[in-house]
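Novice: Those sequence lines, one after another, are chains A and B.
Counting from 1, one number per residue, gives the positions in the first sequence under the working numbering.
Counting from 1, one number per residue, gives the positions in the second sequence under the working numbering.
By construction, these hints were calculated from the structure, which means they are not laboratory data.
Just to be clear, a hint being listed does not mean it is correct.
Okay, derived cross-link-like pairs now, EDC-like style, lysine to aspartate or glutamate, Cα gap no bigger than 20 Å in a straight line [what the hints assert, rightly or not]:
hint, chain 1, residue 1, chain 2, residue 2
1, A, Lys203, B, Asp373
2, B, Lys469, B, Glu433
3, B, Lys363, B, Glu317
4, A, Lys198, B, Glu433
5, A, Lys198, B, Glu369
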Amino acid sequence: MNRSLLLVVEDDPEMRSVVSFTLRNYGYDVREAATGAEALSQIQTRTPDAMVLDLGLPDIDGFVVTACVRQEHEFPIIVLSARGEEQHQVRALDSGANDYVTKPFREGELMARIRAALRRPVPVAERRDLNVGDLRIDSTQRRVFVRGKEVTLTRTEFDLLDTLARNADRVVTHRQILRAVWGAEHVDEVHYLRVYIKLLRTKIEQDPARPTRILTTLGVGYRLVSSESIS
Amino acid sequence: MPSKLQALTRAFRGYGLPVGCVVLSIVGAQLVQPYGHLADLAMIHLLGIVFLSLRSSVRTSVIASVVSIFAFDFFFISPKFALAWSDAESIVTFIAMVVVAAVVSKLSENLRRQEQAARATATRTQALYELNVELSSSRDAAELAAVTARHVGKLFGGPATVLLQTAEGALEPAESARDRTLSQSAWSRREFVKQGAPSGTAIWVPVVGAHSSLGAVGLRPKIPFEQDSEQGFMLSACVSQLATALERVQLAGAVRRTQLEAEGERLRSSLLSAVSHDLKTPLATMIAAGAALIGRTGEIEPKAADDVLRSLVSEGERLSRLIHNLLSVSRLESSTVELRRTPESVDDIVLSAVERFNDRSRKTPIVSEIAPDLPLISAEPVLLEQVLVNLLENATRYSGSDSSIFVHARAAGGAVLVQVEDNGPGIAEHEREKVFEKFYRGQHAPKSDGGVGLGLTICRSIIRAHGGKIGVRERSGGGTLVEFTVPFAAAREQLSREASLDS
């Protein structure tokens, strides 16, 4: 079995050892780094399959580390941040991180995010069918099926769903969605999103008042859930 | 034309009375001449002079009396219609008339001056009294300055300005460059400054307190005056009242600051005692639990080990919540807090809160009812979620385990009204304000549940920061109802589907 290599970047030794311990228990190979500089040099020696990154590092800002990595590498970055710092999470995601977990976190949550991150998102160029749980999206014909039954979506609704589906199980930030669907000049028009998410939910959710497919992460963005992670 | 007429009237106003008196004396004497002696005629002239002297200055009276004497000589003393001095008797009469005119007019002038002075004193006392009344009901320096400027302006019939010393110890700058220079020199040298100019005379006086120069008062009076004039004294009386009032306000401010500091000190110490207890208890449990497991993982049966570990985790979570609350309070209460507001849907926030709450305890079912098609609100969503989670936690804490908690959201005016209801024991009326205070716990609060009395304080800070209101009511049918409002987002952020260019 091909074991994934994870790099854990965390300055607090206790936290680092707990995270590494948990990841090893789940069968991952784990390497550790205590500083941003150490992390970058480790990446040069051997590129990991994913990185778990604490934002508050003593030497280099976590956002800077993310940006540096993103210049050369595509591997997923999962950010660890303290709760109540949503703007940090958003900044991390916008600067290239794939997902984040808030501290204090539960083991199951961290593992689910890592699993989701390791499934590579489908590049925009590869237009083909996407299956997200019982949702099927035919990107070439721009058709959507819920449990085999077709639903009609407007162009914007389709683009919105498509953007979320290609990043299934990961939080996509407001700016990321707005840029992908409405264009770069509308990245701050969060109210567009609110309206269209509501419309989309009425079409693809069983109970739009209690959504189970498109979930809101307050202050950050939205996440489309594939059925396997609804457990 | 009327202005010419007015000028003419003004030029002759001073002459009307003396000329009239002299003419009337002559006419009166002519009428009496057939029946009386020459002495009677002289008396009529004297009457005219006395009458005039009562109302005119010494100079006017004396001139008029001389004119009157010549007229008497001309008309009545023979040879008539000629100016001739014959007998010594009439010369004595003439001198007496001039002296009477001078004395009477001098006396009446003194009287008039005294009356004027009395009237001025009364006016001044009245004005100072009014100023004093208003100053003593003013609460801050800016208000004092405004009140004084208004009174002084009214009193001297021209615009007045009051400049105060700033916190940095400088004088507030005046509007014009000229006033800036004058006010600076009055303030720094503590002296009366007067400067005439075509645009009007400017007067600046310093506001001098017991210890320092507190500011300066500037004035463009209708009629310019000197420092040692009646008006000058009046102005300095007004200004010294302002100085007293300013010092009173400063002193009150200092007292209030001291009180606030003492209050802050009291809060800090109650925080310290509450926090040290509430931080230490879970920590002690965690350390004990962890220590119990070290080196004994083989000996303890897995079920028992799990129990120990579970309590370790739950205590850790309790600690984490407490720290989160403390940090929230300190963030919300620091004056620099700025909300990151975005247009948000109420449904998302309520759902998210219910979910986060359920992650912690699934004991109590939550029934939420959100009005359809609520407009978006302008909020920092995570903070509002925090409000709801705190309210839900309170609701479960105080209501029975088998009962439900209700969350309602609907539009009320320009805001969303959210209500969280439980059927617990309720909150007594006298406690409904107090429960929002820091570290206040209601009488039904369980003693050892990890609460420290910050939940509702945080809620109130958050809701107020959003420009909403929060309050506690009695729920009909028993229990507690906490409700809060958050204003809707601006109309341009309420997007209808048609407006967004969809196809």
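Novice: All the hints need checking, so say for each whether the structure fits it.
Specialist: Right, here's what the structure says about each hint:
no. : hint                : result
1   : A/Lys203 x B/Asp373 : holds, 16 Å
2   : B/Lys469 x B/Glu433 : holds, 13 Å
3   : B/Lys363 x B/Glu317 : holds, 17 Å
4   : A/Lys198 x B/Glu433 : violated, 38 Å
5   : A/Lys198 x B/Glu369 : holds, 17 Å
Hint violations for this structure: number 4 only, all remaining hints satisfied.
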